[in-house]
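Please build the complete structure, drawing on both the sequences and the hints.
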Amino acid sequence: MGRWVPPEAIASALSGNETALDDLITGIWPACFRLAMMVTGDRGLAEDAAQETCVAVYRKIRSLRRVDAFDAWLYRIIMHESTRVRRRSGNVTEPTDHITTTDSHITLDVWQALGELAPELREVTVLFYFHDLSGEEIADALRISHGAVRMRLSRARDRLRILLGDYDIELRTGYKEMNYAV
Amino acid sequence: MPSNFAEIGKQLQTAMPVPEFPTASFHNRLRTANARHRSQLLIMSAIAAITILGSGTVLAAVLFGGVRLWLFGDKAAVAIHSFTVITNPNAEDLRRVTADATFPVVLPVGIPKGTHLHNLFFSPANHPNFIDASYEGKTTGASTQFLLVDASTVNHGEAPTLPNGQKLPMGQVTHWNVGKETVVVLGPGQQEEVKAAMARVTPAASLAQTLPLLYRITVLGGDEKLANTADRIAPLTGHSTLIDRGHLSEIAGLAQSRSPMTVIRTNTIDDLPTVGGKPDFAHAKSHHTMETAVSANGVRAIAALLATRVCGSGGKMGSGFTCEFLINESSGHAYGIWVFPLNATTPPTKYEVDATTFRVTRG
Chain E
32 MGRWVPPEAI ASALSGNETA LDDLITGIWP ACFRLAMMVT GDRGLAEDAA
82 QETCVAVYRK IRSLRRVDAF DAWLYRIIMH ESTRVRRRSG NVTEPTDHIT
132 TTDSHITLDV WQALGELAPE LREVTVLFYF HDLSGEEIAD ALRISHGAVR
182 MRLSRARDRL RILLGDYDIE LRTGYKEMNY AV
Chain W
2 MPSNFAEIGK QLQTAMPVPE FPTASFHNRL RTANARHRSQ LLIMSAIAAI
52 TILGSGTVLA AVLFGGVRLW LFGDKAAVAI HSFTVITNPN AEDLRRVTAD
102 ATFPVVLPVG IPKGTHLHNL FFSPANHPNF IDASYEGKTT GASTQFLLVD
152 ASTVNHGEAP TLPNGQKLPM GQVTHWNVGK ETVVVLGPGQ QEEVKAAMAR
202 VTPAASLAQT LPLLYRITVL GGDEKLANTA DRIAPLTGHS TLIDRGHLSE
252 IAGLAQSRSP MTVIRTNTID DLPTVGGKPD FAHAKSHHTM ETAVSANGVR
302 AIAALLATRV CGSGGKMGSG FTCEFLINES SGHAYGIWVF PLNATTPPTK
352 YEVDATTFRV TRG
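Each protein sequence line maps, in turn, to chains E and W.
Count the first sequence with this note's numbering and you get residues 32 to 213, in order.
Count the second sequence with this note's numbering and you get residues 2 to 364, in order.
If you're looking for bench data, these hints aren't it; they were derived computationally from the structure.
Some clues are possibly wrong.
[Claimed, not checked] Okay, derived cross-link-like pairs now, EDC-like style, lysine to aspartate or glutamate, Cα gap no bigger than 20 Å in a straight line: (1) 11(W) - 102(E); (2) 91(E) - 245(W); (3) 11(W) - 168(E); (4) 11(W) - 140(E); (5) 351(W) - 232(W); (6) 76(W) - 151(W); (7) 114(W) - 245(W); (8) 181(W) - 101(W); (9) 91(E) - 140(E); (10) 11(W) - 163(E); (11) 11(W) - 147(E).
Keep in mind the model is a prediction, meaning the values are calculated, not measured.
Spelled out as structure tokens, the structure:
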């Protein structure tokens, strides 16, 4: 809990404090944008998805009963919005935006490899490797089965090994380490 | 340099430049989402009471189109497929709907004072043979719904059996005829006074008696007590709109883009599908009419008044305002704006905002 903003900020927004809600929205914005960017690979789509996520949070946060449900709820919204804007745009699969030019080759290649993955493989990769979500949490965020998460992650890993073959890069496989029983 | 894929990805993510929070765009999106939600809620509330008559009503409607009514003793079934709903209808709306109807419409009379006609639901859109008038008065405790139907279109007898073998469910009603109109009230009879009063009036007289039950102002949120007060103090000339805190939060974005504040009062559902016998609004084919509630300059006048902090700072998103506004756009020279504090015991304060310079003065 508390991946996005401190639990106290969520509690305060849930209690109906309007200023706290404003702060919460501006607080989650950077992380929403970054995740959407990683998932969609496009700056315009990421802004679109992140804004729609903020609107949904603003309108519906009062329907949330518990502070500790916020993280999972927000992941569900942002993944849903990212998928929606991507589909609406005609399924952009390759990254159209580059990261900063000062980045190292390996970083640029990881970014490029990510863009080579099919959208559904990219989603599980980003959530598993970059957000440290467990299989259960990914299944919940994407509203898919545990089996589907495992299968997609395995396919993504196979593809990444090929795409990043020039590097001696470590790809964690540990489902069991993540306490994920399928 | 890390050679761990997860670490590289996390670094990449953290180093990613993030654009500034797009406040104006966020407000535009919020406004659109709120409008869509409100309009869906209104449609659902309009249809909810009728569908109490039976969960299969909408399923049946697909077969029959529009709205169809079956009467059998004190039971009725209604099938709904397409319809138009006007929220907070004004005099012009009511005159048009009753004039276009296929029958001389006698509207309910003898409705308690303090009650408002808050929804007008009719079908078909151009020449209604079915009108549902919903009255509500939270302060008077009155909440009634009358179905006014062209008597020649009412089906008498048991409701039909559908091709899937399901019998169209029927619910208990009270009904009577006035001229060429069949009046149906949901639930057992307690409308003897209204029934007697309707028997004594002409369609024109019933319309005249109903006009005072309509808001003169456009109501954008706000509770009923406040709406009643605003309706009472609004000038007789020009267009007046009551704006609640939710809508006030949209003012900054609208003023910046020089846009008017719009409202969707009229929604038409052309095709309402069902899932498991229940209305599936998400896949309904519909269209709506967008109307201007406050002109672009009126919005700027409100923004000018908000900038004086008469209503608090509003916070970063504009959601922290501490009052609600009534704006009157009758004169070309100035806008009259009444500020209602959330504490209902305090009377409203009137301000005038110059239509050219947007200078604020106490009215």
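| message | What's the verdict on residue 11(W) and residue 168(E), does the C-alpha distance respect the 20 Å limit or exceed it? | response | The hint holds at about 18 Å.
| If you draw a straight line from the CA of residue 11(W) to the CA of residue 147(E), is it 20 Å or shorter? | Roughly 18 Å between the alpha carbons, so the hint for residue 11(W) and residue 147(E) holds.
| Regarding the pair residue 114(W) and residue 245(W), is the alpha-carbon distance no greater than 20 Å? | Measuring from Cα to Cα gives roughly 24 Å; hence the hint is violated.
| field | Pair hint outcome, residue 11(W) versus residue 163(E) [Cα-Cα no greater than 20 Å] | value | holds (10 Å)
| Pair hint residue 76(W) and residue 151(W), alpha-carbon separation not exceeding 20 Å | holds (18 Å)
| Does the structure keep residue 11(W) and residue 140(E) at a Cα separation of 20 Å or less? | holds (14 Å)
| 20 Å limit on alpha-carbon distance, applied to hinted pair residue 91(E) and residue 245(W) | Since the Cα atoms of residue 91(E) and residue 245(W) sit roughly 19 Å apart, the hinted pair holds (cutoff 20 Å).
| message | Would the hint linking residue 11(W) and residue 102(E) be met if the CA-CA limit is 20 Å? | response | Holds - the C-alpha atoms of residue 102(E) and residue 11(W) are around 18 Å apart, at most 20 Å.
| query | Is the straight-line distance between the alpha-carbon of residue 351(W) and that of residue 232(W) 20 Å or less? | reply | holds (15 Å)
| query | Has the given pair, residue 181(W) with residue 101(W), been kept, meaning a C-alpha gap of at most 20 Å? | reply | holds (15 Å)
| query | Are residue 91(E) and residue 140(E) close enough, with their CA atoms no more than 20 Å apart? | reply | violated (38 Å)
Of the hints listed earlier, those the structure fails to meet are numbers 7, 9, in rising order.
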